[in-house]
Amino acid sequence: MQIKTEISNLINYRLYLTILQVVENYLKKQRYLRIELPVLSPALIPELNVKAFETELKYIKKKQKLYLTPSPELFLKRLLAHNIGNCYYLGKSFRNNEQNSSLHSFEFTMLEFYKIGSNYMEMANEFLKMIQYISKIIFGKKVIEYNGKEIDLSKFEKISITQAFEKYAGIKEKELFNKSLFLKKAREKKYTVKGFSYEELFSQIYATEIEPNLGINGYPTLIYNYPKDFSSLSKLSSDKKTAERLEIYICGIELANCYTELNCWKEQQKRFKIRKASHSVDMGLIKALQYGLKNCAGIAVGMERLGMIFADVKSIHKLRLINIVNN
Amino acid sequence: MKVNAGNLKKGNFVFQNNEIWQIQKADFYSPGKGSALMKTKLKSLNSGKNVAYTYKSGEIVETLSVDCMEMQYLYKDNNSLYFMNERDYNQYAIPISTIGKVVDFIKEGAKYFVYVYEDKALTIRPSTSVILKIIKTEDAIKGNTASGGARKTAKVETGVTVMVPLFVKNGESIIINPETGQYVERIKV
Chain A
699 MQIKTEISNL INYRLYLTIL QVVENYLKKQ RYLRIELPVL SPALIPELNV KAFETELKYI
759 KKKQKLYLTP SPELFLKRLL AHNIGNCYYL GKSFRNNEQN SSLHSFEFTM LEFYKIGSNY
819 MEMANEFLKM IQYISKIIFG KKVIEYNGKE IDLSKFEKIS ITQAFEKYAG IKEKELFNKS
879 LFLKKAREKK YTVKGFSYEE LFSQIYATEI EPNLGINGYP TLIYNYPKDF SSLSKLSSDK
939 KTAERLEIYI CGIELANCYT ELNCWKEQQK RFKIRKASHS VDMGLIKALQ YGLKNCAGIA
999 VGMERLGMIF ADVKSIHKLR LINIVNN
Chain B
55 MKVNAGNLKK GNFVFQNNEI WQIQKADFYS PGKGSALMKT KLKSLNSGKN VAYTYKSGEI
115 VETLSVDCME MQYLYKDNNS LYFMNERDYN QYAIPISTIG KVVDFIKEGA KYFVYVYEDK
175 ALTIRPSTSV ILKIIKTEDA IKGNTASGGA RKTAKVETGV TVMVPLFVKN GESIIINPET
235 GQYVERIKV
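Chains as they are written, first to last, in the numbering used here: chain A, 699 to 1025; chain B, 55 to 243.
FYI, nobody ran anything at the bench for these hints, they're computed from the structure. Heads up, a few of these hints could be off.
Below, simulated DSS-like cross-link-like pairs (lysine-lysine); rule was C-alpha separation at most 27 Å, straight line [to be verified]:
#, chain 1, residue 1, chain 2, residue 2
1, B, K93, A, K856
2, A, K756, A, K790
3, A, K790, B, K93
4, B, K223, A, K702
5, B, K97, A, K1012
6, B, K79, A, K749
7, A, K702, A, K813
8, B, K93, A, K892
9, B, K174, B, K209
10, B, K56, A, K892
Residues from chain A that keep clear of chain B, each with C-beta distances beyond 10 Å, as calculated [what the hints assert, rightly or not]:
#, residue
11, M699
12, K888
13, K985
Restraint-style ranges between C-beta atoms, simulated for each label pair [as the list claims (entries may be wrong)]:
#, chain 1, residue 1, chain 2, residue 2, range
14, A, E704, B, G65, 21 to 27 Å
15, A, E886, B, K242, 33 to 39 Å
16, B, I114, A, R729, 32 to 38 Å
17, B, G203, A, K839, 32 to 38 Å
18, A, F875, B, K95, 46 to 52 Å
19, A, Q967, B, K95, 21 to 27 Å
20, A, N915, B, K174, 44 to 50 Å
21, B, C122, A, I1022, 30 to 36 Å
22, A, I1022, B, G112, 20 to 26 Å
These numbers were taken from a predicted model, which means no experiment stands behind them. Beta carbons are placed, not taken as given, at the ideal position from N, Cα and C, and that holds for glycine.
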């Protein structure tokens, strides 16, 4: 890898800085408290497919393993259990298994904010209001243009995961929630199934057949109710098969991931036990939940992806003045 | 050679569904907190069609070592086009069906890059422009303007007819996009 200086991105970078300022102003006006957090932690939440960078603190014959945090959730939930109220983190997050590509980087800027007394749909509306505010300040209107397409930010197009698999991939509800039927269907669709899990095939079909259709009909798309296996930190929906998790897309690009937060410590502990983690597991979060977490919802936003949409560029790296690139 | 899909790169050739494809674009991707994937754009060497395909990053993909050699185009018959490698004078045939529309714009004696796998020519390397001489076109009628996008027919040296702007004259050379058959611009050679 090497360090690349990209001064030609200065115009995009300035726009991105404005967006960061506008977002902070918006959250301040809505009385969210900004939280500064450590980026190194001795333990993490076990999350599926998230791999952490490891390092070691060395002091007088002792060594302490530390991890760069893949998300600020473990810290923010502790504070929420201590009644900090509506709050947000805006800063770096790190993912060890994410190579550089147009939408990925192993370190990226994340906005994560929580609202007490809200569910995931209300939180999505809060996000919509925030992007409308950004658009109004920057362009003076609620309609933006990305990649030659007009996107009206005044409302969401809504679709559930079940509806989307039926509509775009021809996979029916009973096939989607039955692992062996799902794998059979994937085989019929000529995906390589042997040696791969339900979860891997779900991701492959989702990325290939569902995502390209999201956020392309003139509005951002809100896709909701993921199978519960994909949402270890969110509350179950009333059907008990899905969880109250949603994502928001513009032009096939995922911008935000939102949950109604799971606040039952027994259920959380049960879900943690199912996960195999390659790092020390943060059981302090369970203690915080035992202490009591009010009903709330949280949303995580990839700030550079959001910046990329407003700057009308095709890669998050076009917003950066210094990029670490592959050789 | 078998490789992990996570290591696929632009330019690699892969074999799947009984076809050879060239990777036009390969991008790491992970939906939400889902498992890692490799999003690719593949171009079929048989039909030239483009498809989007997403691999699981742990998937094993068969890649082929395909060579790209410069060759001279000799002639065609009803089924194939014949090329010669000027280094060893070996001749290679490529079925017209795999070359597609581009066949109309291939010039005898000119040099092209040919993809070869296990001593078999697969197809020619696509190009977005080809320079051809106009051999027959009517002069523009007086009163017609060069602006406004008016077009007339013109026969080029490979024998096919294309649409060109009114100002193009007999004996001049033009650039054509062989994939679409469309006029791009007039040039001096």
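We went through each hint and held it up to the structure:
1. B/K93 / A/K856: holds, 25 Å
2. A/K756 / A/K790: It holds: about 24 Å lies between the C-alpha atoms, which stays within 27 Å.
3. A/K790 / B/K93: holds, 25 Å
4. B/K223 / A/K702: The given pair, whose Cα atoms are some 49 Å apart, is violated under the 27 Å limit.
5. B/K97 / A/K1012: Holds, at roughly 22 Å.
6. B/K79 / A/K749: holds, 25 Å
7. A/K702 / A/K813: violated, 39 Å
8. B/K93 / A/K892: holds, 20 Å
9. B/K174 / B/K209: violated, 33 Å
10. B/K56 / A/K892: holds, 16 Å
11. M699: Its Cβ never comes within 10 Å of chain B, the nearest being 14 Å, so this holds.
12. K888: violated, 7 Å
13. K985: holds, 24 Å
14. A/E704 / B/G65: 21 to 27 Å: holds, 24 Å
15. A/E886 / B/K242: 33 to 39 Å: violated, 57 Å
16. B/I114 / A/R729: 32 to 38 Å: violated, 53 Å
17. B/G203 / A/K839: 32 to 38 Å: holds, 33 Å
18. A/F875 / B/K95: 46 to 52 Å: Given range 46 to 52 Å: violated, Cβ gap about 32 Å.
19. A/Q967 / B/K95: 21 to 27 Å: Violated - the Cβ-Cβ distance for A/Q967 and B/K95, about 44 Å, lies outside 21 to 27 Å.
20. A/N915 / B/K174: 44 to 50 Å: holds, 46 Å
21. B/C122 / A/I1022: 30 to 36 Å: With a Cβ separation near 32 Å, B/C122 and A/I1022 satisfy 30 to 36 Å, so the hint holds.
22. A/I1022 / B/G112: 20 to 26 Å: Since A/I1022 and B/G112 have Cβ atoms about 25 Å apart, the given range 20 to 26 Å holds.
The structure shown violates the earlier hints numbered 4, 7, 9, 12, 15, 16, 18 and 19.
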